[in-house]
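Put chain B on the given structure of chain A with help from the hints.
Chains A and B are the protein sequences, given in the same order. At position 210 of the first sequence the residue is numbered 210 (the working numbering), and the sequence of numbers has no breaks. Take any residue in the second sequence, note its place counting from 1, add 1000, and you have its number in the working numbering.
It cannot be assumed that every hint is accurate.
Subject to a maximum C-alpha distance of 25 Å in a straight line, what follows is the list of computed DSS-like cross-link-like pairs (lysine-lysine) [claimed, not checked]:
#, chain 1, residue 1, chain 2, residue 2
1, B, Lys1301, A, Lys113
2, A, Lys112, B, Lys1309
3, A, Lys62, B, Lys1093
4, B, Lys1164, A, Lys62
5, B, Lys1267, B, Lys1301
6, A, Lys378, A, Lys400
7, B, Lys1309, A, Lys113
8, A, Lys366, A, Lys400
9, A, Lys62, A, Lys81
10, B, Lys1093, B, Lys1336
11, B, Lys1269, B, Lys1164
12, A, Lys81, A, Lys112
13, B, Lys1526, B, Lys1367
14, A, Lys112, B, Lys1301
15, A, Lys379, A, Lys366
16, B, Lys1521, B, Lys1052
17, A, Lys217, A, Lys62
18, A, Lys351, A, Lys366
19, B, Lys1521, B, Lys1367
20, A, Lys378, A, Lys352
21, B, Lys1164, A, Lys112
22, A, Lys217, A, Lys400
23, A, Lys352, A, Lys366
24, A, Lys113, B, Lys1298
25, A, Lys352, A, Lys379
26, A, Lys81, B, Lys1164
27, A, Lys366, A, Lys378
28, A, Lys112, B, Lys1298
29, A, Lys28, A, Lys217
30, B, Lys1267, A, Lys112
31, B, Lys1309, B, Lys1298
32, B, Lys1526, B, Lys1361
33, A, Lys400, A, Lys379
Hints listed in this document are in silico derivations from the structure and should not be mistaken for laboratory results.
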Amino acid sequence: MESQETLLHVRQITKRYRMREKAFVALKNVDFNVVDHEFLALVGPSGCGKSTLLRLITGLEKPSSGEIVYRGELVRGVNPKTTVVFQTFALFPWLTVQQNVELALEARGIPKKIRTLRSVELLDMVGLDGFETAFPRELSGGMRQKVGFARALAVEPELLCLDEPFSTLDILSAETLRSELHELWVSKRLPIRAIILVTHNIEEAAMLADRIVVMDKEPGRVIADIPIELSFPRSRKSPDFLAAVDRVYATLAGHTQQRQAAPTEPGAQGRAKMLPIISIDVLIGLMQRMGDAPEVGADIYRLATELNIPADEMLHLTEAAELLGLAEIRQGDIVLTPLGDTFAEASMLVKKEIFSRRVRRLPMFKWLWDMFSQTEHKKLEWEDIRMALEEDLPPDEAQKQLDAAVEWGRYAELLSYDDNTGVIFLEKFNAAL
Amino acid sequence: MIKRLANVFVPGQPLTRKLSFIDLFIIVAIIVALGVLVETAIYAPSVYRGPKVSLSPKMLPFYAVLSITRMFLAYVLSIIFTLIYGRAAATTKIGQRLLLPILDILQSVPLLSFLPLVLLSLSVLLPQTLALEISSIILIFTSQAWNLTFSWYQSLTTLPSDLKDTSAMFGFTTRQRFLHLEMSFAAVGLIWNSIMSWAGGWFFLMAAEMFTVGDKDFRLPGLGSYLREAASSNNYQALVWGLFTVILIIVLLDQLIWRPLLTWADKFKLSMIEEDPLNSWFLRMLQGSTILRVILNKCRKIYDRFSDKFLLRERGETKWAIEQVKVSSVVSLFWKVLVVLLVAVILWGLARAYILLAMVKLQVWIKLLMGLLCSFLRVFLALVLALMWTLPVGILIGTNRKWAAWLQPIVQIAASVPATALFPVLLVFVLNFPMGTDIAAVLLMMMGTQWYLLFNIIAGASTIPQDMKYQSRLLQLGKWKNFRSLTLPALGPYIITGAITASGGAWNASIVAEYTEFGGKTLSTKGIGAMIAQATAMGDYPELLSATLMLVLCVISINRFVWRRLYEHCEQRYHIE
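Next up, chain A with everything else stripped away, as it sits in the complex:
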């Protein structure tokens, strides 16, 4: 069983970050393996720690506890058998395309003559011959990422890590690069023994990977390990492919549902009172869209593709819709509730009214109401609320949550906020409760 040798063990990894006095858990007890000749994809909403996990695997950072074992050896410090292709390309803008590739070779102690030969060869392979003396800023995004690939391949890694390498490219360039990567991988022309792809594009993961590890956030953890046993070439239209994609979506959406089933009484701790971070305008747009054409609305994945909304943003939106009682999620499908239907068709003022009535029931707003009711003039300092939130949440999350609460409250005309004084006022909250 040569081909089934385990290349990488990720054993019970936990990563904590310390922010002032508080610790924030980015990853908790993450555990999986990568075997030889495997293409693994890591998917999950943003903030689930998939990029952090990649940094731990390559040794750019150290885990707080647990261990990363590569071919029987504990990874301490950067693992020279791995390289990363970065989302931002990470090219040195002051060096030419060729110099960028050569720099990586130079770091491996390869003499000038061989460096030049190898870099030209590699650039040729990714289809960049003729661009050797160009500077990155002269290239398109797709070409820049090709340089990123050429540089990563130059050092002949065994484990190639891809950190959302296609997500900043336009759709067509991303498609081209994906198929070229796939070709390189299946042709086995390179000494690469495994690939880990971090992405939030679920379809991309299903197109390329042998296995998808699904993660969720707060804390970042693995929630499912789904093998994709489809032969290549894979077709986007095939029912099997769609079923696989749906399964991943369902896993992610299912978890959002569970999360919100947590206790919701006012004053509940931590996550229970979290608001999904969304733009209200986009949420309203989505509800109207679904109300207009209910037949396309059903499948979350298709809806996301059709409306060109990134997967994790879509998950936040559905979570918000569900939280407000406007929609229900069932196994990867989203359906408007009767209230959602009304909302979609309502005038702006009625929308606000519905929104405002539902918002009052959310734990976050009940909690806020409690805070306000303890003050005399129905006003609170922004800073005070933030401090109170920080008891349950990491500081930047507290900031985001308060921003969201103020935005929702303003839209619902429950709160108003004066940026000059940093004071939040209660508008007509009391009448409602």
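What follows is chain B alone, placed relative to chain A:
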């Protein structure tokens, strides 16, 4: 051009930091430093004769070479200091907590006020000419180093994280990291700051080459002393020749060094967007030269061979694992000894400073306080006057392309002439008026400082978004209303950044301006600068110490309690994304 200027000035210069234990430490350190200097200076003889400065224009090339050499040596020193200190500040814990605040204060203290003390104490330790040379270089260094160090520090702490990761990922050697990541990223900022540093250096050079008080005549042959001597002996022809030489050198340096460097450094900009490139005829000429290209290629080949043979051996030594290097016991012992020594020096310095200060009578303190107040009023007046003309002109240049194209070159040449070089010329004209010395002092302060304000205002005005300008036109806001509600708030942080630097420069100028020997006469006006000079002339060391100390503490407090607060306020209220 304007955008580029903005890039230099924006980096949130005043650090927003709370008053802390560190500040106390720094103030103690300043007292100790001054105490030690005075302690040494006491042994200085009371009479000095300087070498004669010839006014023949034929001597000018020679003097120019001398002056430039001093500047260059100081600049090399600044760069070395920058690389070491900046890295220590950026990468060590002590650096963040201690080195950075020290730098912040050094940057705002009027270091020209240390000139007499440095001169006197060095001339005790070294032969007179050497002492003069070294103290002039040290002083020029103090005018060049801090902003360079800040720029390097800022680059090191803001390295793009993806490039940092890449360097770690591919296991770059120290040399690769330094050349291709750190130096490349810092290049543009360092070059702009070098230009600023040289401008500041000229200002100090002119002052440091000739310092005459009473029987103490410190002078070095150079452009600064030439100008001073020419003005002092009413030799207008020599004066014109001298000024012409200074301006010629500055223009040549700009055309032959800075502009080509800036143009070349354009490739180090991080932005992935193509912009209209800078132009330099000299660089184009250099790049067109075949001989130079052959030489460069040869150099590159030699470097590659050298790198293959020797430098790549680093490879074996760079460890992949990021392991904590244990501090050896020898090193830690060394640190302990150093700390003990430092504490001893501090205690001794404090004791000596206390004894000296105890000798100063109450009336003298009151006199010094009055002097400080007079100087403060002059600085304030100079700032207000400078603001009155730079505000409209800056807004004009910053918001209007046509005017910018027209005024920019003029402003740049005018700004590059060191105020201290113009000062002797100024004296010739102004001294005939009543209160001539006062007028000259305020004018000198203005000349030295208005450019900081102007460049900041230009930078600020050019960042006002076009859509906001349209909006205010659509709302049909009147000129005044528009100014109050859009322009002024947008400029706030920039004006204050400019004013901080400008007032620093003005305090420095007060040392030069309030007390001069001119045409065999002593011209002085009431002020702390004059008092420092008089104390030097009389050899009254306790008074010299207390005056310098008072000036330094006053400037630090103004920075801390006025400028910084104003800046924070403006930055919070009026920040335009």
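The hints, checked one at a time:
no., hint, result
1, B:Lys1301 with A:Lys113, "holds (11 Å)"
2, A:Lys112 with B:Lys1309, "holds (10 Å)"
3, A:Lys62 with B:Lys1093, "holds (20 Å)"
4, B:Lys1164 with A:Lys62, "holds (16 Å)"
5, B:Lys1267 with B:Lys1301, "holds (22 Å)"
6, A:Lys378 with A:Lys400, "holds (22 Å)"
7, B:Lys1309 with A:Lys113, "holds (12 Å)"
8, A:Lys366 with A:Lys400, "holds (18 Å)"
9, A:Lys62 with A:Lys81, "holds (17 Å)"
10, B:Lys1093 with B:Lys1336, "holds (17 Å)"
11, B:Lys1269 with B:Lys1164, "holds (16 Å)"
12, A:Lys81 with A:Lys112, "holds (22 Å)"
13, B:Lys1526 with B:Lys1367, "holds (10 Å)"
14, A:Lys112 with B:Lys1301, "holds (9 Å)"
15, A:Lys379 with A:Lys366, "holds (15 Å)"
16, B:Lys1521 with B:Lys1052, "holds (18 Å)"
17, A:Lys217 with A:Lys62, "holds (20 Å)"
18, A:Lys351 with A:Lys366, "holds (21 Å)"
19, B:Lys1521 with B:Lys1367, "holds (23 Å)"
20, A:Lys378 with A:Lys352, "holds (22 Å)"
21, B:Lys1164 with A:Lys112, "holds (24 Å)"
22, A:Lys217 with A:Lys400, "holds (16 Å)"
23, A:Lys352 with A:Lys366, "holds (18 Å)"
24, A:Lys113 with B:Lys1298, "holds (15 Å)"
25, A:Lys352 with A:Lys379, "holds (22 Å)"
26, A:Lys81 with B:Lys1164, "holds (19 Å)"
27, A:Lys366 with A:Lys378, "holds (14 Å)"
28, A:Lys112 with B:Lys1298, "holds (14 Å)"
29, A:Lys28 with A:Lys217, "holds (10 Å)"
30, B:Lys1267 with A:Lys112, "holds (23 Å)"
31, B:Lys1309 with B:Lys1298, "holds (17 Å)"
32, B:Lys1526 with B:Lys1361, "holds (19 Å)"
33, A:Lys400 with A:Lys379, "holds (20 Å)"
The structure shown violates none of the earlier numbered hints.
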